[in-house]
Amino acid sequence: LYQPGQPLYLIYTSGSTGAPKGVAICPQAFYRLLTDHQQRFALDSAASVLSPMTLAFDAGHMAAMLALYSGSSLRLS
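If you use my numbering, the sequence shown corresponds to residues 237 to 313, in order.
No wet-lab data here; the hints were simulated from the structure. Take the hints with a grain of salt, since some may be wrong.
[To be verified] DEER-style ranges, computed between Cβ atoms:
1) V259 with R311: 23 to 29 Å
2) S313 with T249: 30 to 36 Å
3) A283 with Q239: 19 to 25 Å
4) T290 with L246: 26 to 32 Å
5) P240 with R311: 31 to 37 Å
6) P256 with S284: 31 to 37 Å
7) Q239 with D280: 19 to 25 Å
Remember, predicted model here, so these are calculated numbers, not experimental data. All C-beta atoms, glycine included, are put in the ideal place defined by N, C-alpha and C.
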């Protein structure tokens, strides 16, 4: 179960040095981002969110979560 203060998820990258680095994404920041995108793009149950990238990429997760959050459909290309 989620406990306050825990990260929602981690993003890992090798960066320019080749050494793995991780960045923790907190739930509050992710929630604010989803809320902002939903309002900015006026997403509701009649809308569709396009995900032109793989779900293995963090931006692909964003599109999927945004569709779930707003009640929209998710279109994979």
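Checklist entry - Taking each numbered hint in turn, which are not upheld by the structure, reported in ascending numerical order? => result 2, 3, 4 and 7
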